[in-house]
Amino acid sequence: KAGVTQTPRYLIKTRGQQVTLSCSPISGHRSVSWYQQTPGQGLQFLFEYFSETQRNKGNFPGRFSGRQFSNSRSEMNVSTLELGDSALYLCASRASYEQYFGPGTRLTVT
Amino acid sequence: AQKVTQAQTEISVVEKEDVTLDCVYETRDTTYYLFWYKQPPSGELVFLIRRNSFDEQNEISGRYSWNFQKSTSSFNFTITASQVVDSAVYFCALSFPSGGSYIPTFGRGTSLIVHP
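For the record, the sequence lines run as chains P and A. Under this note's numbering, residues 41 to 150 are what the first sequence spells out, in order. Under this note's numbering, residues 2 to 117 are what the second sequence spells out, in order.
Hints in this document: simulated from the structure, not taken from any laboratory. Among these hints, one or two may not hold up.
[Stated by the list, open to error] Simulated pairs of lysine-lysine, DSS-like, Cα-Cα distance not exceeding 25 Å:
| no. | chain 1 | residue 1 | chain 2 | residue 2 |
| --- | --- | --- | --- | --- |
| 1 | A | 39 | P | 41 |
| 2 | A | 39 | A | 17 |
| 3 | A | 39 | A | 4 |
| 4 | A | 4 | P | 97 |
| 5 | A | 4 | A | 71 |
| 6 | A | 71 | A | 39 |
[Claimed, not checked] Some chain P residues near chain A, calculated using beta-carbon distances under 10 Å:
| no. | residue |
| --- | --- |
| 7 | 75 |
| 8 | 77 |
| 9 | 128 |
| 10 | 136 |
| 11 | 146 |
C-beta atoms are modelled at their ideal positions from N, C-alpha and C, and glycine is treated no differently.
Isolated chain A, as found in the complex (with noise of 0.2 Å):
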């Protein structure tokens, strides 16, 4: 079974701070994806990077940094000097291929709160 493990409910921070994000994942395939989602109050998620398990390449775009750890099955999301525009609900995700399909596992999100 998958599960994803996103133990901070909530994090509020000032805007310029950095803030990491966690998640935990325990699957037992070898080839698996790894996700994150941005939910804004809108309700649309928002893709924002995938993972594949072969590939613990760190990935920076812009304020955003992923750190992929397959030792301590993590998956971490740091944003750099937070701005308000990034309160939002995260959520982290796991797939695996199954007959072609490639059905998310969610986290139970955390909500980030940036305060001017």
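In isolation and in its complexed conformation, chain P is listed as follows (with noise of 0.2 Å):
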């Protein structure tokens, strides 16, 4: 089985732009699910999705939102970028307990 797929891997933005992230799941995996990795706060859970409907949020700002289609894949969006927002961001999707993960998106806001 193929796995986890993000697109693109490498982002450059500048602050008050907007960018949009796209991961496709594992074949047969319905949850999706996105995090925000960075140095000073580690890995953090921004939100999940299962079957077209966002299940759990983490704590992040209304600029964060997402969204997943009837296949599975999911896009996450950031408005008005921040300079803190340049992080690497990782889609893992989920048949059963653990997840899989993407090779991540790193975005760099300038």
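Each chain sits in its own coordinate frame; assemble them with the hints.
Below, the structure is given as structure tokens:
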């Protein structure tokens, strides 16, 4: 089975812009979660989608949003980018108890 | 509230040494799941193992072994005869079932550096 894929792998944006990241889960996995990883805060949960519905949300401002499509693919959007949004954004899919992660999108905000 | 503590920020060893990565967790739930993930420099978190709270059996997989002890709330990971390819950041995580979700709480990670 193919693993979790994320596009793009690297992104450079300017403060104030918005960005959309994409994630394709492992075939058959209906749960997709997003995480932000920074050296200062570690791995932080953003949100989880299951069958096109947001099931859980972490403690992030409303600038961070996401959605899931009928084929389980997911996108996350960050509007009005801030310098502090620079991070590795990881997507994970799950069928059972453990999550399987993609390679991440490294976002740099200048 | 759940919490995972990986007290070792960085460990440096020479190849072929054995190394143990510590993980201590806190939870009030009786049903929970513990995980170890490896994050090499490429960035992708690789799932290594899952243990549920009712199964305290230790596990061995090749050079990797895990020691789960509920009495001390610990889930330690040992790499025997370490190799340079083991260099990575290792994360311990804890989750519990909540409405079909199993959102893990991650520790801060332990960076393992294996020198040739």
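Does residue 136 of chain P pass the interface check with chain A, least Cβ-Cβ distance below 10 Å?
This hint holds: residue 136 of chain P lies near chain A, its Cβ roughly 8 Å from the closest one there, short of 10 Å.
What's the verdict on residue 4 of chain A and residue 71 of chain A, does the C-alpha distance respect the 25 Å limit or exceed it?
holds, 15 Å
Min Cβ distance, residue 75 of chain P to chain A: is it shorter than 10 Å?
holds, 8 Å
Has the given pair, residue 39 of chain A with residue 41 of chain P, been kept, meaning a C-alpha gap of at most 25 Å?
At roughly 20 Å apart (the allowed maximum being 25 Å), residue 41 of chain P and residue 39 of chain A satisfy the hint.
How about residue 77 of chain P: closest beta carbon in chain A under 10 Å, or not?
holds, 8 Å
Checking one constraint from the list: CA of residue 39 of chain A to CA of residue 4 of chain A, max 25 Å. Satisfied?
Holds, at roughly 19 Å.
Check whether the Cα positions of residue 39 of chain A and residue 17 of chain A lie no farther apart than 25 Å.
The hint holds at about 19 Å.
So, residue 146 of chain P near chain A? Judge it on the closest CB pair being under 10 Å.
holds, 7 Å
Would the hint linking residue 4 of chain A and residue 97 of chain P be met if the CA-CA limit is 25 Å?
Measuring from Cα to Cα gives roughly 18 Å; hence the hint holds.
Keeping to a limit of 25 Å between CA atoms, is the pair of residue 71 of chain A and residue 39 of chain A held or broken?
holds, 23 Å
Cut-off 10 Å, beta-carbon criterion: hint that residue 128 of chain P touches chain A
Holds, about 6 Å.
Violated hints are absent here; each numbered hint is respected by the structure.
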